[in-house]
Amino acid sequence: MIWRRTFLSLILLTAVVMSACAAPAAPAAAPATDQTAAPSEPVRGGAVVVGTPQEPGVLNPLLASSSIEDAISSLTIEGLVQVDDQGNYVPVLAEALPTISEDGLLATYKLKPDIKFSNGDPFTCADVQFTVEAILSDLSGASTSGYNRIDAVECPDDLTVEVYFSEVYAPYLRLFSYIIPRGAGDLTALDAWDFNRNPIGTGAWIVKEWVAGDYIEFMPNPNYREAGKPYLDSLIVKILPSREVGMQLLGSGEIKALWDITEADFPALESMAAQGVSYAGAQTGENELLLFNFADPAVDAPADASANPHPILNDVRVREAIQLAIDKQEIVDTLLYGNVNVGTTVIPNGTFACPQPPSEFNVEKANALLDTAGWTLGADGIREKDGVKMELKITTTSGNLLREQTEQVLVEMLKAIGLNLIIENVPSDVLFAGWDSNGMRKHGQFDILLYTTGPFLDPDSHLYQNYHSNNIPTAENEGAGSNYSRYVNADVDAWIDEAASITDVEQRRALYCQVAAQINQDLPRVFLYERLLLSGYRTELQNFKVSPGPSDFTWGAADWWLAQ
Amino acid sequence: MLEYLIRRLLQGTITLVAISIIVFGLASAYPGGIMNAYEENPDVTAEDYARLRAKYGLDEPVPMRYVRWLGSVLTGDWGNSFVSRRPVLQEIGDRLGNTLLLMGTALIVTLLIAIPLGVISALRQYSMVDTALTALAFAGNSLPVFWFGLLLIMVFSVWLGWFPGSGMTTLGKPFSIPDLLWHMVLPVTMLALVTAAGYMRYMRSAMLDVIGQDYMRTARSKGLTETQVNVRHGLRNALIPLVTLLAFEIPLLFGGALYTETIFAWPGMGRLFYERAVKGDMPVVMACVIIFSALTILAMFLADLAYTVLDPRIQLGKRKAA
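Chains Y and X supply the protein sequences, listed in that same order. Here the first sequence is numbered in this note's numbering, starting from 1 and rising by one per residue. Here the second sequence is numbered in this note's numbering, starting from 1 and rising by one per residue.
Isolated chain X (complex conformation) (with noise of 0.2 Å):
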C-alpha cells in the first residue's frame, strides 16, 4: 500500500509538473499580457515601459521565466499577482471557500437528485415514469449550460425577482446563511440541473446491470425485502462505476466554476481566473491552474481508494496475477 501511495504521489508530481510547462508556455505565447495595458499610453516613456517589463520578470526568456517561477514555488512562495500586488496565496485564499462552497453544494445536489432518480428509472424500467424521466434527462443534457445561467437570471431574477443574479451576499446587509443560500439557489440551480441529467442516465444505465446479477436472485431468495435487496446489493454495486465518473467530473465541475461564477458573479476562482488570464496575470493563472490540477489528480487518486470500499474484489498496489 505504501508504495502505492509512493507511486501514485510521483505520477502526479510529474503530472503537475508537465501541466505547468504547457500552461506557462501557452500562456506566454499568447501575444498581449499585462504589459498591454500600457501600449496605448502615450505618457508611458520608453523607460518606463523597459521598467515594468523588468519589474514583472518579463524581460527574460520563457524558459528562464519558467525556471525562475518553478524555482520560487518550489520554496513555498508563490509569487504576487501582478494586478493587485498581494500575494498569490491571499488573492486565491479569498475566493477558494467561495468555490468549494459553491461546487460542493451543486455537487451534492446533483447525486440527490439524480441517485433515486435514476434508480426510480430502473427499477420502472419503459414505465411512463422512466420515459418522462429520460425525456427530461435528454433535455437537461442538450441545454447550453452558459445560455440557460441566462435564463434563469432573465426569469427568476429580472421578471419574476424571487431569486437575486448576481453575488454571494445583499449589499449593505450583515452576512447571514439564510441570505447566502437565497444567492446560491440559481447558481447551485444551474450547475445541478444540467449535470444531474447526465448521472441520472449513467444511474440508470449502472442500475439495470446489477439487476439482472444471479447474487440480487441469491439476496431476494434468502427473505431480503425488495428494498433491502436494491440498497444494499443494487444500489451499492451499481455506484461503483459512478465514483469514477465523479472522479472526472470534478475537472468539469471547476470548468463549470468558470462560467457559472462568471454568470453570476460569483467571487470565487473561476472568476478570478478568468479574469486575470484576460488581463495577463501570469502568477495567479498559474496558481490557479496548479491548484485545479492538484485537486483533480487527488480526486481521481480518492476515486481509486473509494473502489477498495465499494468493491472488495479491487486491491491497490497488488499487480494481477499472471
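Only chain Y is shown next, with the shape it has when bound in the complex (with noise of 0.2 Å):
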C-alpha cells in the first residue's frame, strides 16, 4: 500500500504542478462553500457577462448540434415541459404535467393562457402542432426520437393539447422541450431563416446583437409573462478562448459565470473560493465507467462475440477480478477531492434511479478469482494461460488530463494482480468516430476503454442503444447502435422491451432496476464515478443553477440577479 500512495502522491503534484502553470498560483482559501447570505429583496437592473470557450452555430433546436447551443437558445425559447434544476419533468408552458391515457396512447397537455410570443405573436395549440410538423420536417436536424411515432396533434381548443401515438412511447415527458413559433417561418427553407440565429420565444431573453466570434447579447424580451422578470437589463454571452482563460476571467470578475468546467477544475475553483468563485452541479446520470469488449478486437465487428471470444475479457470472472481491484474510493479521494459519488448503477439517478451496492474492493479475492480461472501468475509479475500473457490496451480520449491520471493509478491498481495495462490514447474525435470513419468503437478494435455515457433522465433509449442486442454495430446494420461490449442477454433484452411498452413510471423504475442489478453481474461495464454537469459562478450572481437538461446553465436565467 506505501507504494501506492507514494505513486498517487506523485500524479498528485504532477497535477497540482500543472495547474499552477494554467493558472497563477492563487492563495490557499478554506473550501469552496455555497452561497451563504441568504438573498432578500432581488435588485433590479444591471448587466452579467457569462463566458462559454464554445461559440453557438446556431440557436434554433431544429438544427442545434451540441450542447453550449441548446443551452443559449433556451434562454428565448422554452417548451411544455422542461428538466429543472433536480432533474425533475416540470410544466413551463403547460399548466402541469401531461395526462396520459389508460392505453398509453393520448397525452392531453393544458397550456397556460395568454402567453405571446416576443414577436407579439399568441402561443397556442397551434403552435404545438407545427412545432411536430418542423421536428419530422425534411431539413429539420433535430432527434425525432418519439415525434415519430405521433399520429396527430389535436386541437379541441386554443388552449388543450391532445397529442395521439401510433405505438407506446415510454419516455414521453421528454418530448416538447421546445416550442417553435408558427411565425418563425417556411419549412422548405429551413437553413436559411432569420429565426436560426435570432430566435422567436416565450423566454424571458431575446437576441439584442451577435457579432460572430466575440459575444451574444441578449435583452429582455417585453411580451415575458412573469411581470418585472429578468431582473437583469442586459445578459452578455462572451466566446471566451479557452477554459483556463475562463477561469481567469471568472476569478478577477471580468464574467460572472462560466460554462462548462470538469471534475478536473475542482483545485483551481477551490482556490478560487477567497476570490468569490463557486460552482454549480447537476447530476446528470452519467458515470466515467470502463468499457469491456467481450469480442476478439482482431476481428471487425463480429456480431457474435461468443464465436469470437476475446481472449481475456470474455471470462465474467476477469471481469469481476479487475472490478474488485478497483479502489473506487481512492480515485474519487485523490483525484477528484472526494467531491463526486463513487460510481454504482447504470441509473445513479432522476426518476428511474436504481441503486445498486457499491462494488467490493479486495485484490485478495481477485486474485483468487484468476487463479480459480487458470490464469497463472509468470516471473515477471504478469498473469498467462495457455501461452496467452495479461495484458490489455485502455484507451481514452487523449489530452484529457483526468482521465490520463485516472488511467496511470489504474495501471498501478491492476498490477496487483498480475494484469498489465498498456495506456494507448487517442484523440477524441477518433474514439468517437462512427462506422464509416472506422471508429474503433463501432468496429470493437480495443480491449478496455475509458470514457462518460449515461442515461440522462430517461433510461429508455440509453438501456436500449448500449445494452441490448439489437444494437450490436455490424456491417449488416451498418454500425448502428452502441454496444460495443458486444453484450448480449436475452433477460436484459426482455426487459428493456417491456419497459419501452408501458408509460406507468412504478414498473418501468422495477424493470429497470433489474437491467441495473443484471449488469453489475455480467459487468459489460465498471461504474468508476458518477459524472456532474458543473459551471462556475460568481457569488454575487443569484439564482444560478444548472439544470440536466438541455438548458444547462441558462436554467435560472429569468431569476438572475445581481447582489450589490
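Mixed in with the good hints there might be a few duds.
Said to hold, decoys possible - Calculated cross-link-like contacts (lysine-lysine; reagent style DSS-like; alpha-carbon spacing at most 27 Å):
{"hint": "1", "chain 1": "Y", "residue 1": "LYS208", "chain 2": "X", "residue 2": "LYS173"}
{"hint": "2", "chain 1": "Y", "residue 1": "LYS229", "chain 2": "X", "residue 2": "LYS173"}
{"hint": "3", "chain 1": "Y", "residue 1": "LYS365", "chain 2": "Y", "residue 2": "LYS415"}
{"hint": "4", "chain 1": "Y", "residue 1": "LYS545", "chain 2": "Y", "residue 2": "LYS112"}
{"hint": "5", "chain 1": "Y", "residue 1": "LYS393", "chain 2": "Y", "residue 2": "LYS415"}
{"hint": "6", "chain 1": "Y", "residue 1": "LYS208", "chain 2": "Y", "residue 2": "LYS110"}
Calculated directly from the structure, the hints in this document are not laboratory data.
Take the two lone chains, each set in its own frame, and fit them into one complex as the hints suggest.
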C-alpha cells in the first residue's frame, strides 16, 4: 500500500504543478462554500457577462448539434415540459405535466393562458402542431425519437393539446422540451431562417446583437409572461478562447459565470473560493466508466462475441477480478477531491434511479478468482494462460488530464492482480468516430475504453442503445447502436423491451432496476464515478442553477440578479 | 508582361486546385467530423442519422463530394456552414477584416521595429548596441510564441490589469477606435516582437552585404552625406532580400493568426478556421484554406513585382539570354 500512496501523491503533485502552470498561483483558501447570505429582495438592473469557450452556431433547436446551442437557445425558447435543476420534469408552458391515457396512446396537455411570443404573436395549440411538423420536416436536424410515433396532434381548443401516438412511447415526458412558433418561417427554407440566429420565443431573453466570434448580447423579452422579470437589463454571452482563460476571468470578475467546467477544475475552483468563486453542479446520470470488449479485437465488428471471444475479457471472472482490484473510493478521494459519488449503477439518479450496492475492493479475492479461472502468475509478475499474457490496452481521449491520471492509477491498481494494463490513447474524434469513419468503438478494435456516458433523465433509449443485443454495431446494420461490449443477455433484452411498451413509472423503474442489477453481474462495464454537469459562477450572481436538461446553466436566467 | 501575368495566373490556379484536393482528401480521411456530434446521443435514431448524413452530403464517396464542392465553388457558391447554416462567405466576411487588421498592424509594427534596428546594428557592427540587439533577437527568436502570448496575458492583463487579454472591444461599451487599439496592444506585441527578431537579423546581414559594395564608395565619393548614402543607396538595396522574405512570411503570418486569435479570442479567420476544423465544418474549412492559399500566392506574385521596382536589373517575363 505504501508504494501506491507514494505513487498517488506523485500524480497529485504533477496535477498541482500543471494546474499551477495553467492558472496563476492563488492564495490558499477555505474550501468552496455555497452561497451563504440568503438573498432578500432582488436588485433590478445591471448587466451580466457569462463566458463560454464554444460559440453556438445556431440558436434554433431544430438545427442545434451541441450542448452550448441548447443552453443558449433556452434563454429565448421554452418548452411545454422542461427539466429543472433537480432533474425533475416540470411544466413550463403547460399548466401541469400531461395526463396519459390508460393505453398510453394519448397525452393531453393544458397550456398556460395569455402567453405571447417575443414578436407579439399569441402562443396556442397550433404552435405545438407546428413544432411536430417542423421536427419531422425534411431539413430538420432534430432528433425525431418519439415524435416519429405521433399520429396526430389535435387542438380541441387553443389551450388544449391532444397528442395521439401510434405506439407507446414510454419516455413521453421528454417530448416538447422546445416550441417552434408558427411564425418562425417556411419549413422548406429552414437553413435560411432569420430565426436560426435570432429566435422568437416565450423565454425571458431575446437576442439583441450577435458579433460573430466575439459575443452575443441578449435583452429582456418585452412580452415575457412574468411581470418584472428578468431582473437584469442585459445578459452577454462572451466567447472565450479557452476554459483556462475563462477561469482567470471568473477569478477577476470580468465574467460572472463560466459554462462547462469539469471535475478536473476542482483544485482551481477551491483556490478561488476566497475571490468569490463557486460552482453549481447537476447530476446527469452519467458515469465515468470502463467498457470491456467481449469480442476478439482482431475480428472486425463480429455480431456474435461468443463465436469470436476476447482472449482475456470474455470470461466474466476476469471482469469481476478487475472490478475487485479497483479502489474506486481512492480514485474519487485523490483525483476528484471527494467531490463526486463512487459509481455503482447504470442509473444513479433521476426519476428512475436504481441504487445498487457499491462494488467490493478486495485484491485477495480478485487474485483468488483469477487463479480459479486458470490465469497463473508468470515470473515477470504478469499472469498468463495457454500462452496468452494478461495484457490489455486501455484507451481514452488524449489530452484529458483527469482521464490520463485515472489510467495511471488503474495501471498501478491492476498490477496487483498481475494484469498489465497498457495505455494507448487517441484524440476524441478518433475514439468517438462513427462506423463510416472506421470508428474504433463501432468496429470493436479495443480492449478497454474509458469514457463517460449514461441515461440522462429517462433510461429508455440509453439502455436500449447500449445494452440491448439489437444494438451491436455490425456491417449488417451499418454500425447502428452503441452496444460496444457486444453484450448479449436475453433477460436484459426482454426487460428493456417490456419497459418501452408501458408508461407507468413504477413498473418501468422495477424493470430498469432488474437491468441495472444484471449489468453489475455480467459487467460489460464498470462504473468508476458519477459525473457532474458543472458551471462556475461568482457568488454575487443570485439564482445561478444548472439543470441536467438541455437548458443547462441558463435554467435560472429569468431570475438572475446581482447582489451588491 | 501580359504573357507573364497569364502564366502566373495559370500556375496559381493549378496550385490552388492541388491544395484543395490535398486538403479535402486529408480532412475527409480524418475520422469524425460533423456527424460526431450525433454519435453519443441515444435519441438520434438511425433514420435521423442517415437523413443528416445525406443533408450534409456525407453519404457520397469522397471524390464525388470533392467534384460537387469544386463545381459549386466555380459557380461562385461556397455552400453553407454545417455549424451555423449561414453562407460560408458571410461567415468569413464577418471575420476576414478583423484578421487583416490584426495581421496588417502586426506586420507594420514588425517592420517599424526590425528595419531601423537592423540598420543600426549593421552600421555599428560589433559595437555594444549591436551585441545587445543580437542577444535580444536570439532571445526573441527562441521564444515559443504560444507561451509568450500566455505570459503577456498573465503579466499585463491578469496581474497588472493594463491591457485586456481577450476580444476586440470592451463589452457593453459602444465601439471606439481607442478601445480597439487598446485591445490590439497585446496580440500585436506578441506577433511583432517574435517576428521582428528574425527580420532584424535579416536586415542586419542584408545591410552588411551592401555596405561593402563599390557603389556605396562611389556614392560617398560624389559627396553625398552619410545619411543619403545609407538610405538611398544602402537601405534601398538591402531591402530587396527583405521583400522576398516578406512574401514567404505572409503564410506564416496567417499561421500566426491561428494561434494569436485563438489565445486572445480575436474574432478573426484563424480562430474561425480552428474552431470549425475541430467541428468538421468542411465548407468553412475549405474556404479558409483556399483564401489563405490564394492570398499567399498573391503575396508571392506581388513580391516578384516589387523586385522590379526596387531593382531595375530584374525584368519580368524575359528569358535570360543564352
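So, going through the hints one by one against the coordinates:
1. A threshold of 27 Å between alpha carbons decides the hint, and for LYS208(Y) with LYS173(X) the separation of about 14 Å falls inside it, so the pair holds.
2. For a cut-off of 27 Å, the pair hint linking LYS229(Y) to LYS173(X) stands: about 24 Å separates their Cα positions.
3. Note on LYS365(Y) and LYS415(Y): the hinted pairing holds, with a Cα-Cα distance of about 15 Å set against a maximum of 27 Å.
4. With a CA separation close to 24 Å, the supplied pair LYS545(Y) and LYS112(Y) stays within the 27 Å bound.
5. As the CA atoms of LYS393(Y) and LYS415(Y) are separated by approximately 13 Å, the hinted pair is consistent with the 27 Å bound.
6. With a C-alpha separation of about 32 Å, the suggested pairing of LYS208(Y) with LYS110(Y) is violated against the 27 Å cut-off.
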